[in-house]
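Engineer: Letter by letter, the chains look like this.
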Amino acid sequence: MAGVDAAAVKAMPRPAPWQALAWRLAPFFSIGLLLIAWEALARSGTFTPFVLPAFSSVVARIWSDAITGDLLINTGLTLYRAIVGFLISAIGGVAIGMAMSRSVGVRWFFDPIISVGFPMPKIAFLPVVILWLGLYDLSKISIIVFDAIFPVVTATIAGIKGVERELLWSARNMGARDREMLWQIVLPAALPMIMTGLQVALPLSMIVAVVAEMLMGGYGIGGAMMTASRFADSPGVFAGIVEIALVGLVLVKGMTMLRRRLLIWHQEANEPTTA
Amino acid sequence: MKSLIRYSPLLLLALAWEAASRLELVSSLALPPLTSVLAAWFDLLINGELVSNGWASLYRGGTGLLLSVIVGSTLGIFMAWWRPVNALVGPLVELFYPMPKSALIPVTVIWLGFGDGSKILLIFLGCMLPVTIGAFNGARSSDRTLVWSARSMGASRMRMLWDVVVPSALPELLSGVRTALALTFILLVSSELIVARQGLGYLIGYLGADGAYEAMFAVVLTVAFLGFAADRAYQLLMNRMLQWRE
Chain R
53 MAGVDAAAVK AMPRPAPWQA LAWRLAPFFS IGLLLIAWEA LARSGTFTPF VLPAFSSVVA
113 RIWSDAITGD LLINTGLTLY RAIVGFLISA IGGVAIGMAM SRSVGVRWFF DPIISVGFPM
173 PKIAFLPVVI LWLGLYDLSK ISIIVFDAIF PVVTATIAGI KGVERELLWS ARNMGARDRE
233 MLWQIVLPAA LPMIMTGLQV ALPLSMIVAV VAEMLMGGYG IGGAMMTASR FADSPGVFAG
293 IVEIALVGLV LVKGMTMLRR RLLIWHQEAN EPTTA
Chain U
33 MKSLIRYSPL LLLALAWEAA SRLELVSSLA LPPLTSVLAA WFDLLINGEL VSNGWASLYR
93 GGTGLLLSVI VGSTLGIFMA WWRPVNALVG PLVELFYPMP KSALIPVTVI WLGFGDGSKI
153 LLIFLGCMLP VTIGAFNGAR SSDRTLVWSA RSMGASRMRM LWDVVVPSAL PELLSGVRTA
213 LALTFILLVS SELIVARQGL GYLIGYLGAD GAYEAMFAVV LTVAFLGFAA DRAYQLLMNR
273 MLQWRE
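Listed in order, the protein sequences are those of chains R and U. First residue of the first sequence? That's 53 in the working numbering, and the numbers climb one at a time after it. First residue of the second sequence? That's 33 in the working numbering, and the numbers climb one at a time after it.
If you are wondering where the hints come from, they were derived from the structure by calculation, not from laboratory data. For every residue, glycine included, the Cβ atom is placed at its ideal position computed from N, Cα and C. Any given hint could be a false lead.
What the hints assert, rightly or not - Covered stretches of chain U (in silico footprint by chain R; criterion: 3 or more residues with CB under 8 Å from a CB of chain R, positions within the stretch not fixed):
1) 111 to 121
2) 124 to 135
3) 140 to 152
4) 204 to 218
5) 221 to 228
6) 236 to 248
7) 260 to 273
To be verified - To give a feel for the contact side, a few chain U residues facing chain R, derived at Cβ under 8 Å:
8) Arg38
9) Tyr39
10) Leu42
Turn these sequences into a full structure, and let the hints steer you where they fit.
Structural biologist: As structure tokens, then:
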């Protein structure tokens, strides 16, 4: 298959330079088009400014929030909650997954909990968490961990299960001790799968952080958006969306870069990236 | 018997719950005994609250998910099939995919109000991109030799789309839909918790604000079970649909 593909690539006619340039510029073109269409539609008067505030007024709103410092506080708090929750899920999830792979007893206890709990909408437990832990960061971070830990655990188990037997045997044969086996063989070999689990957990942490903030109010992008929507302040609501979209984009891209950096030794680093 | 041993930890947790609450180890206000939660569940079932709110949620979730699957898979396959579509839509997909979709809750309310429409729109927008990306990756990875053989045997472009590209996109498309199914529940419950006058999420919030914690736990467990059952049912369906593969 690979040979056929390589031949096919070679046989394809090279695009003219201006064509190559056009393909490179296409992304900016469509994003620009979207923004222009938004601005034009808002100014045309088809919709009231309440339903669709102009892009320029949303930008102005973000700018004024940036000057008063609200932008920094709100995005900072949302990021802080999401990332702390994500890190706890990452460390706890890998630890639970490793313990489940090593000990029969731990596996017996956690296996049904994970397999039943993973597909459940844990967000439904948010009012219960509020009842138990109150309205502060503790409950926001707890619900994030409760949601984001499951994909990490399942990915860790799948990753450890997928480690090649030959690797384990040769390492043992060459006299690796348990600790060395874990840190130098099992975890690196399971890392691609673990990273995939983390790449699911990170956006999930953001989604849950925003919902928790919306429900509990207070500072944070979610809380600010709810306050804005209560006062029928739609530029505020749209500003929140633009801010959270940018934060999400940066986090997800950062995670992809981290994956590439951590797995540079892995064969996937040489494969052409998809999407 | 085997499954009894397998699921015994869940049973143990249930017993621990009951015991902790009955023995007053924790306040029974914070954790009502499981048996009274079950009793509250039957009450809700009999007085019809569970059914009417359940229908509202099911209708919203089902419609939103269905729309997202139809639009998302069409978009994804066309992105893989025709490069200009990808050049135009791809960057937007990449831009909006990492956005936490729950941020759209207040906007959909501004656009469509407190009722069904805003929830359906939210679920549609939130679930569309995972489906699109699944369909796109699946369709793009369709076997070149299959495409070439179909073409050399004289298949038209449309036939090839249906008979070669769509089937080979199916596995990744279906797993994209599974992600969308999980997202549907998350978005449905959160939007109903935050702004709604009907639905299971609304019922949870309403009962909680009312201090009827037994009933609130009953609805929370119902929603959790529905999400679990939907995922298992979908997995069965997915395995059936992919039976033709070796």
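Engineer: Work down the list of hints and note, for each, if the structure agrees.
Structural biologist: Cross-check of the supplied hints:
no.	hint	result
1	111 to 121	holds (count 3)
2	124 to 135	holds (count 11)
3	140 to 152	holds (count 3)
4	204 to 218	holds (count 3)
5	221 to 228	holds (count 4)
6	236 to 248	holds (count 5)
7	260 to 273	holds (count 4)
8	Arg38	holds, 6 Å
9	Tyr39	holds, 5 Å
10	Leu42	holds, 5 Å
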